[in-house]
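Here the protein sequences line up with chains A and S, keeping their order. Positions in the first sequence are counted from 1; adding 11 to them yields our numbering. Positions in the second sequence are counted from 1; adding 11 to them yields our numbering.
Check before you lean on any hint, since a few could be wrong.
The list treats identical chains as interchangeable, and a pair is accepted whether it falls inside one copy or across any two copies.
[What the hints assert, rightly or not] With a Cα cut of at most 30 Å, we get these calculated BS3-like pairs of lysine-lysine:
{"id": "1", "residue 1": "139", "residue 2": "94"}
{"id": "2", "residue 1": "14", "residue 2": "42"}
{"id": "3", "residue 1": "42", "residue 2": "112"}
{"id": "4", "residue 1": "42", "residue 2": "94"}
{"id": "5", "residue 1": "94", "residue 2": "112"}
{"id": "6", "residue 1": "214", "residue 2": "139"}
{"id": "7", "residue 1": "65", "residue 2": "14"}
{"id": "8", "residue 1": "21", "residue 2": "42"}
{"id": "9", "residue 1": "139", "residue 2": "112"}
{"id": "10", "residue 1": "112", "residue 2": "133"}
{"id": "11", "residue 1": "65", "residue 2": "189"}
{"id": "12", "residue 1": "112", "residue 2": "30"}
{"id": "13", "residue 1": "65", "residue 2": "133"}
{"id": "14", "residue 1": "139", "residue 2": "189"}
{"id": "15", "residue 1": "14", "residue 2": "70"}
{"id": "16", "residue 1": "25", "residue 2": "42"}
{"id": "17", "residue 1": "30", "residue 2": "70"}
{"id": "18", "residue 1": "42", "residue 2": "70"}
{"id": "19", "residue 1": "133", "residue 2": "214"}
{"id": "20", "residue 1": "214", "residue 2": "65"}
Everything labelled a hint here was simulated from the structure, so no lab data went into it.
There are 2 protein chains.
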Amino acid sequence: MEKLSSVTIKPLEKSIYLKPYTMHFTQNGTKRTWDLLRVHDSVAILIFNVTRNKLVFVKQFRPAVYFGSIPEQESQGDIDVQKYPAEIGATIELCAGIVDKALPLEDIACEEVFEECGYHVKPSMLEKISSYRSGVGSQGSLQTAYYCEVTDDMRVSSGGGVDDEIIEVIEMSVDEMKEYISGHNIKSPPSFMFGMYWFLHNKCKK
Amino acid sequence: MEKLSSVTIKPLEKSIYLKPYTMHFTQNGTKRTWDLLRVHDSVAILIFNVTRNKLVFVKQFRPAVYFGSIPEQESQGDIDVQKYPAEIGATIELCAGIVDKALPLEDIACEEVFEECGYHVKPSMLEKISSYRSGVGSQGSLQTAYYCEVTDDMRVSSGGGVDDEIIEVIEMSVDEMKEYISGHNIKSPPSFMFGMYWFLHNKCKK
Chain A
12 MEKLSSVTIK
22 PLEKSIYLKP
32 YTMHFTQNGT
42 KRTWDLLRVH
52 DSVAILIFNV
62 TRNKLVFVKQ
72 FRPAVYFGSI
82 PEQESQGDID
92 VQKYPAEIGA
102 TIELCAGIVD
112 KALPLEDIAC
122 EEVFEECGYH
132 VKPSMLEKIS
142 SYRSGVGSQG
152 SLQTAYYCEV
162 TDDMRVSSGG
172 GVDDEIIEVI
182 EMSVDEMKEY
192 ISGHNIKSPP
202 SFMFGMYWFL
212 HNKCKK
Chain S
12 MEKLSSVTIK
22 PLEKSIYLKP
32 YTMHFTQNGT
42 KRTWDLLRVH
52 DSVAILIFNV
62 TRNKLVFVKQ
72 FRPAVYFGSI
82 PEQESQGDID
92 VQKYPAEIGA
102 TIELCAGIVD
112 KALPLEDIAC
122 EEVFEECGYH
132 VKPSMLEKIS
142 SYRSGVGSQG
152 SLQTAYYCEV
162 TDDMRVSSGG
172 GVDDEIIEVI
182 EMSVDEMKEY
192 ISGHNIKSPP
202 SFMFGMYWFL
212 HNKCKK
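Extracted from the complex, chain A is given alone in its bound form:
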């Protein structure tokens, strides 16, 4: 697992990633306000390696999950990493990425599959699962999910992300995945859970 140190949490000053706004509006005659965020739309890819019948996921340290796992009264200033080790922030997710360039979503999805998991796939190999709205409470960005079958031959690098991304590629058999999602406290987002049950329902029919 990650080596984590020198963790300090301070109120946000200025951010290029997180842009908070307040929306003022009148709904059915009543004046309301709502605080919200502008975040990028995203793509997610459910990868199934048919050479070895393994689902391919990414494991990574998520600062927001780490932060969200620390009680609010202890989550400002310096954090005790002995008490709150990096593991509490490690998630297992679908391969995914933000839409931050003017390319077709399928091209961005293929880039993410390559960068994060090391497989060379083409847009025509992607099956669209659906688009839905993430974070309806505060952000409402669009995420588009795809399904993609790969073979060992398509793996051209070990993946792991670009720049300062630190991503571990994780494989699970269908049985291992079933056991993982049957847990009661899962370090994965709902889009992952959606993907797993979609897979069981649509790709694993007896």
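Fit chain S to the given chain A structure using the hints.
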């Protein structure tokens, strides 16, 4: 649908709902920062009315989805509600609510089922589906999902939410739900999609 008017979007000034922070940390020797939010944990309840074999959902205007559906360059200042009508922000979701009081999660879930959908249910009637991490990019809060079967007898009010909540209770047959989730651009969050495929996989076995 909602009557929406006087929509203005301004940079966030001070919020009791949305608390942005920056986390500074050292991961495997590299100094990093991450912008994130403190948001409440939440509960979500998948309700199935067994008297009439209908799934029970909530439909509501979500300012964040409305905002996220407007191109960034047009989403500051006054918004043209002719061009961007309220419908673009209307979502269909599981009954849900934030954990903002010191009660067992099951009690909060029962309160939400009553307030939003009008059914009187007891904690012992809830089947835990799982807990998972919402919004792993910026918030990482914990959502706990339950399944609950209800009958018409348990419906003691029309629901619709409390305070200034404007919530419409929506029912779908299993076939209607299947058609809804087979769409390619769904105004629902991934937790809803997870719930639907969980239901199809676990409660609709042939």
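Structure-based check of all given hints:
In this assembly of identical chains, residue 139 and residue 94 lie within 30 Å of each other by CA distance solely across copies; the values are 28 Å between and 42 Å within a copy. Proximity of residue 14 and residue 42 under a CA criterion of 30 Å is satisfied inter-copy only: 12 Å between copies versus 48 Å inside one chain copy. For the identical chains of this complex, residue 42 and residue 112 are inter-copy neighbours only, at 26 Å across copies versus 36 Å inside a copy, given an alpha-carbon limit of 30 Å. Proximity of residue 42 to residue 94 under the C-alpha cut-off of 30 Å is restricted to the inter-copy arrangement: shortest distance 20 Å between copies versus 45 Å within a copy.
Only between protomers do residue 94 and residue 112 lie at most 30 Å apart by alpha-carbon distance; the minimum there is 25 Å, versus 40 Å within a single protomer. Proximity of residue 214 to residue 139 under the C-alpha cut-off of 30 Å is found in both arrangements, the shortest distances being 14 Å within a copy and 25 Å between copies. With identical chains, the CA atoms of residue 65 and residue 14 are at most 30 Å apart within one copy only, with a shortest distance of 28 Å there and 49 Å across copies. Proximity of residue 21 and residue 42 under a CA criterion of 30 Å is satisfied inter-copy only: 15 Å between copies versus 32 Å inside one chain copy.
With identical chains, the CA atoms of residue 139 and residue 112 are at most 30 Å apart within one copy only, with a shortest distance of 20 Å there and 40 Å across copies. With identical chains, the CA atoms of residue 112 and residue 133 are at most 30 Å apart within one copy only, with a shortest distance of 18 Å there and 49 Å across copies. Taking the closest pair of Cα atoms, residue 65 and residue 189 come within 30 Å of each other both inside a single copy (12 Å) and across two copies (27 Å). For the homomeric pair residue 112 and residue 30, the shortest alpha-carbon distances inside one copy (18 Å) and between copies (28 Å) are both at most 30 Å.
Proximity of residue 65 to residue 133 under the C-alpha cut-off of 30 Å is restricted to the intra-copy arrangement: shortest distance 20 Å within a copy versus 41 Å between copies. In this assembly of identical chains, the alpha carbons of residue 139 and residue 189 lie at most 30 Å apart whether taken from the same copy (23 Å) or from different copies (16 Å). Taking the shortest Cα distances, residue 14 and residue 70 sit within 30 Å of each other inside one copy (15 Å), while across copies they are farther apart (44 Å). Both within a single protomer and between protomers do residue 25 and residue 42 lie at most 30 Å apart by alpha-carbon distance, with minima of 29 Å and 18 Å respectively.
Taking the closest pair of Cα atoms, residue 30 and residue 70 come within 30 Å of each other both inside a single copy (26 Å) and across two copies (27 Å). Taking the shortest alpha-carbon separations for residue 42 and residue 70, only the inter-copy value of 20 Å comes in at or below 30 Å, while the best intra-copy value is 43 Å. For the homomeric pair residue 133 and residue 214, the shortest alpha-carbon distance inside one copy (20 Å) is at most 30 Å, but the shortest distance between copies (36 Å) is not. For the identical chains of this complex, residue 214 and residue 65 are neighbours both inside a copy (13 Å) and across copies (26 Å), given an alpha-carbon limit of 30 Å.
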